[in-house]
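Peer 1: Chains as they are written, first to last, in our numbering: chain B, 1 to 637; chain D, 1 to 637.
Treat the hints with care, since some could be wrong.
Identical copies look the same in the list; a pair holds intra-copy or inter-copy alike.
Claimed, not checked - Cross-link-like lysine-lysine pairs, in silico, BS3-like; alpha carbons within 30 Å at most: (1) Lys436 x Lys236; (2) Lys589 x Lys508; (3) Lys338 x Lys195; (4) Lys37 x Lys195; (5) Lys37 x Lys59; (6) Lys222 x Lys385; (7) Lys589 x Lys482; (8) Lys276 x Lys385; (9) Lys89 x Lys436; (10) Lys195 x Lys236; (11) Lys589 x Lys188; (12) Lys436 x Lys59; (13) Lys276 x Lys151.
Derived by calculation from the structure, the hints in this document are not laboratory data.
What follows is the residue order along each chain.
Number of protein chains: 2
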Amino acid sequence: MISKKQCADGRDVELTSGVLKERQETGIGRTIASTMKKCVETGRLRSLETPWQEGMPDKPHVYWDSDLAKVMEGMAASLALRPDAALEKEYDRWVDLFVASQQPDGYLNTHFTTVEPEKRFTNLLEAHELYCCGHLIEAAVAGYTLLGKRKLLDAMCRYADYLCTVFGPHGVRQGWPGHEEIELALVKLYRVTHKKRYLELAAYFVNDRGTQPNFFVGEYPKPLSDEALKHFQALKPVREENEAVGHAVRAVYFYCGVADVANLTDDGELLASCRKIFDNLTQKRMYVTGGIGSSFHGEAITSDYDLQNGSLMYAESCAAMGFTFFCRRMLDITCEEKYASFMERALFNGVMSGISLDGEHYFYTNYLEVDENLHCYNAGSPVRKEWFDCSCCPTSFARYLTQLAQFVAAFDDERDHVYLHIPTACKLHHAFADGKTAEFEVSGSYPYDGNIKIDVRSAGEWTLDLRLPGWCDDVAVSVNGKEVYRGAGGNYLPLHRVWRQGDRVEMKLALRIQFLHADSRVTNDLGRIAIQRGPVVYCIESPDAPCPVREIVLDPECADMKEVILDAGSGLPAGTVALQFDAWRETVKNDGDALYFEGETQITPIRCTAIPYALWQNRGPSQMAVWIRTMTERKER
Amino acid sequence: MISKKQCADGRDVELTSGVLKERQETGIGRTIASTMKKCVETGRLRSLETPWQEGMPDKPHVYWDSDLAKVMEGMAASLALRPDAALEKEYDRWVDLFVASQQPDGYLNTHFTTVEPEKRFTNLLEAHELYCCGHLIEAAVAGYTLLGKRKLLDAMCRYADYLCTVFGPHGVRQGWPGHEEIELALVKLYRVTHKKRYLELAAYFVNDRGTQPNFFVGEYPKPLSDEALKHFQALKPVREENEAVGHAVRAVYFYCGVADVANLTDDGELLASCRKIFDNLTQKRMYVTGGIGSSFHGEAITSDYDLQNGSLMYAESCAAMGFTFFCRRMLDITCEEKYASFMERALFNGVMSGISLDGEHYFYTNYLEVDENLHCYNAGSPVRKEWFDCSCCPTSFARYLTQLAQFVAAFDDERDHVYLHIPTACKLHHAFADGKTAEFEVSGSYPYDGNIKIDVRSAGEWTLDLRLPGWCDDVAVSVNGKEVYRGAGGNYLPLHRVWRQGDRVEMKLALRIQFLHADSRVTNDLGRIAIQRGPVVYCIESPDAPCPVREIVLDPECADMKEVILDAGSGLPAGTVALQFDAWRETVKNDGDALYFEGETQITPIRCTAIPYALWQNRGPSQMAVWIRTMTERKER
């Protein structure tokens with residue numbers, strides 16, 4: 001029996017301070033507004049207002065609907081957190097425009113209704129048709145769940161009902177989405193409507209994909225290589241898959257849907273595949289920041305241990321976000337702490353690096369190393385941009401920053417459990433199915449400080465499942481001053497009590513500075529270390545370095561590491577913990593202009609500072625490195 | 001006034017022993033035969049024997065003519081070195097087939113005569129049309145020069161005459177080759193025919209390229225980005241170019257043509273561009289092996305200091321060969337030793353690595369680092385293959401290994417100079433324009449041994465310009481036992497004498513083992529060194545390593561380097577100098593299956609061996625690295 005936990009949302013969890021709260025605030029205040037503005041400026045919204053006809057500018061691209069849908073989802077989530085009449089009016093207008101564009105049979109797609117009306121469902125592989133539908137469903141579910149608005153939900157149910165007559169067990173034809181997303185969306189729709197056919201269609205998309213005869217091979221006019229099918233996670237059924245493969249965003253969105261279907265259909269075999277894929281991804285194909293997709297080429301996951309840090313890499317923001325969705329689902333199902341640790345790794349590092357502190361500039365590629373001569377491929381800019389032609393990352397942040405609560409806690413309504421995944425400062429209030437309520441406030445400065453207080457605000461019998469992070473080797477938990485646990489992290493500690501108002505749980509996490517090595521098969525990281533403290537991965541950025549970052553060598557044994565709490569004048573958020581340390585500058589003397597030369601190595605002492613990776617490139621264009629060269633002791637022999 | 005030196009060919013220089021001689025032998029004995037066989041098996045030759053028609057298999061690809069032409073050029077060069085009646089008969093048959101396929105107006109192209117007869121000259125950007133013509137011209141010139149056979153030469157003159165009526169100063173329309181090659185070929189044709197219009201057409205292709213309005217932008221049906229035009233060296237006129245850009249093979253073939261035109265039209269401005277481009281390429285964009293093109297993506301040169309060693313890189317064999325052609329031309333023009341040094345670097349390393357010792361297997365991508373988990377893009381296999389769909393590299397070797405003499409020496413017939421670029425064992429015999437002859441024999445085991453003897457075999461007054469290699473800091477030259485030079489290398493030493501038979505010149509080159517650093521802006525090579533001895537770059541290959549190559553750390557200060565001359569039982573050519581040395585194996589203890597972990601570094605002494613990079617992967621699939629991690633002294637502070 002697979003657990004049926006449900007993650008929190010903005011109604012249960014109110015962030016009160018700290019990193020996540022600050023990011024949520026920029027999301028509400030800036031990201032929503034700026035992505036809405038860009039949707040207007042680029043013609044995306046106009047494609048709804050004035051249906052495109054030949055001769056008009058701004059022909060709707062096949063993925064435009066998804067951008068609008070993601071921003072709408074963000075608008076709904078933002079309104080749930082902070083009502084805003086003007087925003088709500090605009091939100092309603094966008095919904096009206098979408099609903100007005102719906103066809104009589106329920107079909108809803110701006111591109112295929114205006115640009116290629118005769119080509120509906122003829123190029124599922126490339127045309128993002130079901131992907132757009134998925135994002136619209138997600139927006140509809142958010143609008144309904146968070147705001148109680150049914151209009152878009154009803155429209156998307158009509159569309160989904162129509163889809164059920166076309167594809168899947170009740171449909172007439174085979175078909176797989178070229179860019180997965182609709183699977184997880186249909187499961188969301190099923191959760192709020194309880195219409196079984198949506199779950200069945202999701203299960204069909206999950207289970208039929210990759211079977212023989214291969215739908216994509218039949219659909220696509222040109223031959224598709226195995227490599228191409230792998231790009232679409234369609235070379236074999238996911239049930240037979242052991243590896244995370246292909247286009248990174250497609251992959252993680254798909255794995256979310258697979259996990260959802262495994263969960264809701266109690267499919268242990270499918271869950272086993274999710275576990276294998278997750279382990280392959282995290283043990284062999286993930287950056288230390290939680291970024292995934294090591295090649296700009298195909299925006300793709302490549303092969304085991306192939307993890308470049310510079311030019312070639314990708315680690316797209318959307319992929320990191322999607323990876324946290326996958327982690328969260330695995331966590332909801334299994335309640336195994338490792339899923340929380342990876343979720344948190346991506347969330348605090350490889351996701352948050354994707355957006356500037358001003359909430360309006362984005363990385364597509366989240367490099368781990370940027371030197372002055374970085375060669376950029378595709379959308380890979382070492383400076384965050386306001387928008388991209390293919391602007392999935394900005395619109396993803398619009399819906400992500402406004403829904404951070406989902407990562408903080410989860411609930412098991414059947415057994416009255418509250419799982420606290422990330423002990424960030426927040427007020428939590430949850431009514432279980434049986435009417436009991438759990439209410440408590442988390443305070444502290446996690447992830448920068450390891451002292452966490454949980455003050456219970458309501459009386460009742462329920463279980464608080466406290467996550468003891470896997471990265472921590474010294475956790476102490478007390479209830480009302482009495483120690484109930486002391487030891488290493490890596491699991492959840494269930495605190496079952498009849499709680500009384502005023503009860504206090506304290507958790508002390510030793511935030512040791514860790515120097516991480518990569519498996520030596522990651523040859524790009526050989527002889528280098530990454531700095532981590534708690535769940536936060538650090539980098540050295542040029543504004544804090546007295547020499548080019550590439551010349552810095554760090555010897556952990558005599559680094560004299562010092563934690564410094566930054567103030568607002570630092571250009572980074574007040575309260576950020578930076579690390580100051582002794583290091584060396586290594587240069588090799590080159591008398592001429594040769595690229596390769598004999599030369600004497602010179603080493604001089606320096607003191608420099610590391611900052612959280614997620615915060616780099618917020619003080620102007622800069623150079624940066626996560627993996628810092630370290631020293632090997634020279635031995636005589 | 002630009003020098004008008006002419007490089008040697010197989011008629012002037014007879015290789016007698018050593019690395020180049022051995023490679024030439026496999027070229028004659030194996031590469032020619034195996035590429036001929038592949039041209040038959042793959043339908044390439046059949047496309048000439050039985051002109052393709054709809055419904056027949058093996059539709060001629062746009063580049064097939066070039067493959068056949070390069071093999072024909074190799075056949076001619078092979079026949080010049082070693083007469084072979086059967087091979088000559090086959091060569092004549094190929095020539096007959098090509099000539100029979102020539103159209104009445106002189107046009108000659110298998111693809112466009114059979115597959116798309118209506119599309120002649122409509123897609124110069126992509127269709128390799130003028131590229132194929134260039135290779136056929138080169139084959140024709142080789143057949144004429146080396147064998148005295150006129151038939152193909154006459155046919156190609158007819159084609160070139162026709163081209164002159166279409167393009168260029170005497171033509172009717174604008175046009176640039178999408179893949180350069182014809183420029184250098186037309187110059188070759190001009191050199192043997194003295195028909196000025198061929199040089200004029202070459203000069204047109206060189207000078208018009210990149211001017212406004214941009215021909216490619218006008219020709220191509222879709223918009224072309226600046227990046228796309230750069231790929232084709234067509235974003236701006238080469239006269240305004242300071243950098244080596246775009247597709248690496250296109251680039252170096254083009255720069256050869258530019259240098260040729262600069263040379264033969266005494267165009268100092270064009271030559272200045274060649275110098276700038278060459279400097280940019282060699283000081284910022286070249287591997288230590290002389291390989292160029294650091295990205296599989298577009299098979300392209302990227303940007304300064306962007307030089308990956310593994311997955312992403314390319315360093316195509318054809319590009320390295322083309323680079324040696326460019327070096328040779330710059331050397332012919334300037335007689336500056338640096339051009340010889342770079343030529344030799346590529347020749348002995350990044351070119352020769354491209355072909356197996358059996359002469360029948362090829363790398364497309366010449367990696368500098370191959371670990372067990374290498375991710376391969378495009379044609380990038382870490383194991384040499386017999387053939388590729390796009391099989392430029394094998395056919396390039398067919399013509400390259402049979403014409404190695406061109407790199408050994410050059411002549412200035414106007415001033416009676418012999419330039420000895422590479423002092424490999426050979427017999428040289430050259431008749432100057434004034435009837436004087438220079439004849440001498442070079443002996444020794446260069447590049448593995450630095451003791452070179454040159455025995456003069458004929459009497460006469462001429463100048464021997466002896467190259468003193470730039471990589472050598474201790475060169476001693478004596479004539480008949482009397483020292484005439486002692487000092488560092490980096491220039492040519494002119495020995496002007498009335499030579500007598502029996503005169504002996506000796507050159508002693510100190511072959512010090514060098515540990516090279518890369519400019520620190522090549523961040524991929526930080527903390528690593530490459531081993532070089534003379535012009536030979538070394539690597540560590542797994543058969544010679546007691547642990548995974550990636551775990552080896554080399555400390556030059558206590559390496560106890562020892563030179564070992566291998567015998568035939570080694571699996572590598574007898575006489576190869578390998579290097580044995582003390583090193584360290586560095587591992588980090590990992591108790592679990594985490595990709596990133598804290599762990600104690602363990603270091604154990606090992607002894608291992610480095611072999612010439614060009615010889616790796618001749619003992620089965622293996623791992624290999626050129627850039628070896630080194631040690632930084634741990635200092636207390």
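Peer 1: Does each hint fit the structure? Answer for all of them.
Peer 2: Hints and how they fare:
In the homo-oligomer, the alpha carbons of Lys436 and Lys236 never lie at most 30 Å apart, since the shortest distance is 46 Å inside one protomer and 74 Å across protomers. In this assembly of identical chains, Lys589 and Lys508 lie within 30 Å of each other by CA distance solely across copies; the values are 28 Å between and 49 Å within a copy. Taking the shortest Cα distances, Lys338 and Lys195 never come within 30 Å of each other, neither inside one copy (33 Å) nor across copies (76 Å). Taking CA atoms no more than 30 Å apart as the test, Lys37 paired with Lys195 passes in neither setting, with 36 Å inside one copy and 65 Å between copies.
Taking CA atoms no more than 30 Å apart as the test, Lys37 paired with Lys59 passes inside one copy only; the shortest distance there is 18 Å, against 52 Å between copies. In this assembly of identical chains, Lys222 and Lys385 lie within 30 Å of each other by CA distance solely across copies; the values are 27 Å between and 35 Å within a copy. For the identical chains of this complex, Lys589 and Lys482 are neighbours neither inside a copy (61 Å) nor across copies (37 Å), given an alpha-carbon limit of 30 Å. When the C-alpha separation of Lys276 and Lys385 is checked against a cutoff of 30 Å, the pair qualifies neither within a copy, at 36 Å, nor between copies, at 34 Å.
In this assembly of identical chains, Lys89 and Lys436 lie within 30 Å of each other by CA distance neither inside one copy nor across copies; the values are 36 Å within and 96 Å between. Taking CA atoms no more than 30 Å apart as the test, Lys195 paired with Lys236 passes inside one copy only; the shortest distance there is 29 Å, against 62 Å between copies. In the homo-oligomer, the alpha carbons of Lys589 and Lys188 never lie at most 30 Å apart, since the shortest distance is 61 Å inside one protomer and 44 Å across protomers. Taking identical chains as interchangeable, the C-alpha atoms of Lys436 and Lys59 are never at most 30 Å apart, the minima being 53 Å within one chain and 75 Å between chains.
Taking the shortest Cα distances, Lys276 and Lys151 never come within 30 Å of each other, neither inside one copy (40 Å) nor across copies (65 Å).
Of the hints listed earlier, those the structure fails to meet are numbers 1, 3, 4, 7, 8, 9, 11, 12 and 13, in rising order.
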